[in-house]
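Model the full structure from these sequences, guided by the hints.
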Amino acid sequence: MWLRGLMLGAAIGCISAAFALSPAGVALEEGLGLPLLFAIRGRVPPPPDVAVVAINQRAAEALELPPHPRNWPRSVHGELIDTLVAHGASAIVFDLRFENRSDESGEGDESDNSGEDEAFAAAVERANRVVLLERMDKRRELFAIDEGGATATAEADRAMGPVEPLAQAATVVAPFLLPKTAGNINQFWAFWPGDGPVATVPTAAFWLHVLRTDRNAVRPIQALVAGEERRLAAAAGGDGALSVREMLLRARRGLAGRSDIVAALEAGGDAATRPPASILTRRLAALFAGSDSRYLNFYGPSGTIPVIGYDVLIAAARAGMPAAIRLDGRCVFVGVADYTTPTQEDGFPTVFTGSDGIDLSGVEIAATAFANLLTDTSLRPLAPLTSAAMLIVLCSVIGFYVLAVPARLAVPAALALAVAYVAVAQILFNRAALWLPLVTPALAIALLVVSALYCHYVIARRQREKMQLAISYYIPERVVQGFADSGGDMSAANEVVYATCLAADMEDFTPLAEGMRPGEVASLLNSYFDAIAKPINDRKADVVEFRADGMMCAWTAPQPQAEVRARACAAAIGARDAAAAFAAKVAPRPLGVRLGLHDGEVFVGHSGGGGRFVYGIVGDIANTASRIEGLNRYLGTRLLASAGVVRDLDHLRVRPVGQFILKGKNEPLSIVEIVGRRDAVSAQTETLCRRFAVALQAFSAGNAEAAQVLFAALLRDYPADGPSRFYLNRLLGEEGEQAGQEAPMIIRMGTK
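Those letters in the sequence shown? Residues -20 to -1, 1 to 732, by mature numbering (1 follows the signal peptide of the UniProt record, and there is no 0).
Note that these hints are calculated values from the structure, not bench results. Computed from a predicted model, the values in this text were never measured in an experiment. One or more of the hints may lead you astray.
Derived lysine-lysine pairs resembling DSSO-like cross-links, with alpha carbons at most 30 Å apart [stated by the list, open to error]:
hint, residue 1, residue 2
1, Lys514, Lys446
2, Lys446, Lys520
3, Lys520, Lys565
4, Lys565, Lys514
Label pairs and their calculated CB-CB ranges [said to hold, decoys possible]:
hint, residue 1, residue 2, range
5, Leu389, Gly234, 54 to 60 Å
6, Ala684, Gly644, 25 to 31 Å
7, Pro364, Glu226, 31 to 37 Å
For each residue, glycine too, the CB sits at the ideal point set by N, CA and C.
Given below as structure tokens:
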């Protein structure tokens, strides 16, 4: 069983692994499994190094500015930068587009705002820690491919950065892109892979934050990239956007896929004793060596990352008051964030979108991405091969258990293992940001349990069928089934029914057995019974008992039925013929069979005591059938029946052989010999039957002389006819006793 379970689990594991690696499987885990892990984990505190300055309707009203941020005077952003610098912000990220006014709204021109742009640019340059947003568009462009004028089209990225003064003043200009999806936002780009590895806003913010908080942490990265630490350190000094952007580009190209670099840094010491700079260096190396896109490890719903209103911060600065939250050493993200109303301009559906419809804003997602990079806690799905191997092993283990234990324990065992797996998956998700699949294993386990239960059912059914088959050798199959259905109540099988009983006995068994060894006797008996039982079983006998060298069979019905009697007679004829054929095969041993049939009500069921029971036939009908079978010994016949058994069975040729009071009986029975099917009886046998009927009529009428002459004539023509010899001997005073003067035609049998 355990091997079968192991194979079943491995097969389902392979199917599950193939599904998990398919796009449908990945989508299922992102759509159901990931939200479930986040829901169980709940809200967690974000790192203290990030904050959001929210631009919303309230801020616009408080500062008496236009409702839409694109129409705000850009000098107010310069004021915000100065305020953030004064509060010690490590980096400032604007999740706003600062393109030409005409590009943003389709109206006006940038000349009207040149003063605003210059004021904003001056603040950006003074801060030397500002990241501005760059828009990336996919555009189809026409290219000339030869001098003959042939052209071709190609898709290329087109960067739309801020206006020139701001682009020159910004420390870094970077895009922030989220992978397109029909459902929740689950990933972000750390590097945009379009026309080259372009560092995105979270990556640039991380770099600037480390430069500002611990500059030494970037030096190993610079050395690893080019081996010329001094030149690259100068390039990263912040004289312009290009230098930092170029540094990020070189770091990505030099470290992409270099997991050995991360391993080398990790080998430098234990995390508990390593200085913070080394930890930041390792995390920077993991960023540059890792994949372009990362899975977001959300901290909670909108507002989980500390948020301060744009207006609150400006108002506090103008009033000379401290900020509502500490900003020293924090990377501050500035953008549209209104988590008080579902009608958000910059909201994105995530796993934490609540029933109130409040989404995370784009600036909060950018801040989340930065925090993930800073702490190296972006969600890490299992590698495809690892995931596949895990599913196969998990299913194999569960398959082993659910088939190794009894069926009643299969479901609890599977549930226990499934709960253990979910617990491990949740712990790894919470503590190590490791994302194990949930939905696919759940479906696999469910399929495995259903399959295992079905296997248990099939195995139990086969065992039951085998047991029923084994018991049916001793008890009728329908009784076995009823016994099982009644829960083992033996009395449920007991009943009084109409039955046609057939008694069979081997002729001259005792002298035959005396000359044989016990094993030979048993073998001969089994072969003999096998031969005569076949026609009996073919006619669906309801009860078959073997008694030493004899048999007792019964065909039952709730009420008397001719069909039941016909089957019993056909079985008796078949048994007689089968015994003759068997005797011919084992000649010269003298083998024969005597058969008797009688019908009426009998008890069919269990009888016995002392904890031992047999299933059989009890009643006068069975005893009478046995007496009729014994009458064959005197009449020299093979198959006798009471006249009631063959009534209305016109397809049979029977020969009435007289009326008898059998041993132990008080009432006479009309007995007939079943010769065979009428269409199979020979003309000679038919003549015998007619002549015997005439002779028996003379005997019954008390005409002894005529009967004696007729029976003697029959024996001259048919010397082997037993009934004729019986009556002739009786007339000569050698057989039987008269029942009385009042009934000379009835013969009382004094012996069995």
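- Kindly indicate which numbered hints from before are broken by the structure, ordering the numbers from low to high. none
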